[in-house]
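Participant: In the order they appear, the protein sequences are chains A and B. Residue numbering for the first sequence follows this note's numbering, starting at 1 and increasing by one per position. Residue numbering for the second sequence follows this note's numbering, starting at 1 and increasing by one per position.
No lab work stands behind these hints, which were simulated from the structure alone. Glycine is no exception: its CB is placed at the ideal position from the N, C-alpha and C atoms. Each hint should be verified, as a subset may be incorrect.
If you only want the chain A side, here are some residues facing chain B, beta carbon under 7 Å, derived [to be verified]:
id	residue
1	Pro173
2	Tyr174
3	Ala177
4	Gly182
5	Asn196
Among chain A residues calculated to face chain B with C-beta under 8 Å, some are [unchecked claim]:
id	residue
6	Arg172
7	Arg179
8	Leu181
9	Pro184
10	Arg191
11	His192
12	Pro195
13	Val260
14	Phe263
To be clear about the criterion: a stretch of chain B counts as covered by chain A if any three or more of its residues have a C-beta under 8 Å from a C-beta of chain A, and this derived list gives those stretches [what the hints assert, rightly or not]:
id	stretch
15	6-15
16	93-100
17	103-110
18	224-232
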Amino acid sequence: MTVLPLSRPVRRPGRVDRLAMLGGALIVLVALSAVLAPWLAPYEENTPDPLHSLDPPSGAHWFGTDLAGRDVLTQILYGGRTSLTIVVAVLTVSSVIGVTLGVVAGYAGGPVRDVIMRITDVFLAFPALLLSLALAVVLGPSVTTAIVAIAATWWPWYARLAASVAASVATRPYVDAARCLGVPAPLVVLRHVLPNSLTPVLVQVSLDAGGVILTAAALSYLGLGAREPVAEWGLMVQQGQTYFTTNWWVVTFPGLAILVTAFAFNLLGEGLRAALDPRRVIK
Amino acid sequence: MIEVRDLRVRYGTRTVAHVPELDVGAGECVAVVGESGSGKSTTLMALLGLTEGAEVSGYVRVCGVDVLTAPARRLREIRGARVALVMQSPEAALSPTTRLGVLMRRALVLHGVDAGERAMAEAVEAVLLDPAILRRYPHEVSGGQAQRFAIALALALGAEVVLADEPTSALDVTVQAEVVGVLRRLRAERGLALLLVSHDLALVSTIADRVLVMKDGEVVESGPAARVLAEPSHPYTRELLEALP
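One chain only, chain A, in its complex shape (with noise of 0.2 Å):
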């Protein structure tokens, strides 16, 4: 008997794009230097110096001081250990909520889907801050708070998300040969329609740290979640924003840390995407 060569050359994905990698880079050096802040920090965290309020950079404040004379890179290298924190805080438990769920919903179909998705449309109906708000008079203001009460209100996006892939995906052969296979249905949902369904939730999950910065700043503004005197990101910019046009460092340098961790975190979705798409080939 003769095997037949197989007739397509394999195509694999090639290299890892280097996009991808330079955004797993910086989010690497913003962990890192989050995590180092004590020693890569020129001065001590939340260190009032009245005499050097809002100081322009200069040789002895690379980035300037705040009202409070704080060193601002030194505010922002303590900040990141806060932002990051309620970054992947948010994002991970909102998305392990929000994308079991969804997928539940979605390749379930039927009354189940109803359930979840209308306890989901009860969270999306509450206004964001309102929820927050409600939460944080319960569980009283901290960064954790601030990481509940956003992951409250963002796990329905995903859910809503997932299932509506997961409903798409559990249509497609694949799903019915494995069904046909004898699955159970438990394992047709983890091993087919999950691994399918991912992309566009890891893609949003991605494009959304950003926007949890953000929230948490808007949150902090509130007094809901990071005070004084924890370093945050989004509280900074929350506190400099008044001095724009006359200090434009105070609130200049937390927001570009914010910009260039959400830029990072979408290279890397867009990253995780393609390592998770075998059909795509990167160039």
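The hints should help you fit chain B onto chain A, whose structure is shown.
Facilitator: Okay, now just chain B, sitting in the frame of chain A:
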């Protein structure tokens, strides 16, 4: 291997498939022919107990299991392991994020069959495929290779019955011949019972022992393939034959 009596599949008040009698023994090939929407594929899915939302009545026995009354667990045990389905779009029937080898290993492990490299290689070699295909993703193989892989999977699982739903309609002519050749050989060598759903009468004439002709959910004619295709008694069968190029 397959025994069907008065099978009716209804969605609401509409009967989409009614098969009074259908028997397929070991080593036999029975073809169900008819145009799109005639109830052929629904009949196949009913044999696997996978007609969600439909009301199914009658008597359906596949590999000794009463499909309409057996518990879900019992049905899962025979799906794949004893009754395999070869689908119309071979590439679409394989999960795009899973390598073929992983797919095969998972199915073998699920049914407690030897999932060793050697066993998997033998299964794909039996359908004239290079074992290197096991390291590939579905988009990296041709339609004919994907279809033969589906048959290899059925073989590896030790299926005794193969339900083939338009197995060649998505393939070009030369690949069609390859797949038909593989099915014919396996039927002869391994005694596979083959239930073929097709609207391709040319294919049916080369492989089927008996034929059921369906129209609007009803069987309008049945009998030995040679007789039905040579001397059709129903006008619809004649229409189908006249439509042959």
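Participant: It remains to establish, for every hint, whether it holds in the given structure.
Facilitator: Against the structure, the hints:
no. : hint    : result
1   : Pro173  : holds, 4 Å
2   : Tyr174  : holds, 4 Å
3   : Ala177  : holds, 4 Å
4   : Gly182  : holds, 4 Å
5   : Asn196  : holds, 6 Å
6   : Arg172  : holds, 7 Å
7   : Arg179  : holds, 6 Å
8   : Leu181  : holds, 4 Å
9   : Pro184  : holds, 6 Å
10  : Arg191  : holds, 7 Å
11  : His192  : holds, 5 Å
12  : Pro195  : holds, 5 Å
13  : Val260  : violated, 32 Å
14  : Phe263  : violated, 28 Å
15  : 6-15    : violated (count 0)
16  : 93-100  : holds (count 6)
17  : 103-110 : holds (count 3)
18  : 224-232 : violated (count 0)
The earlier numbered hints that this structure contradicts are 13, 14, 15, 18.
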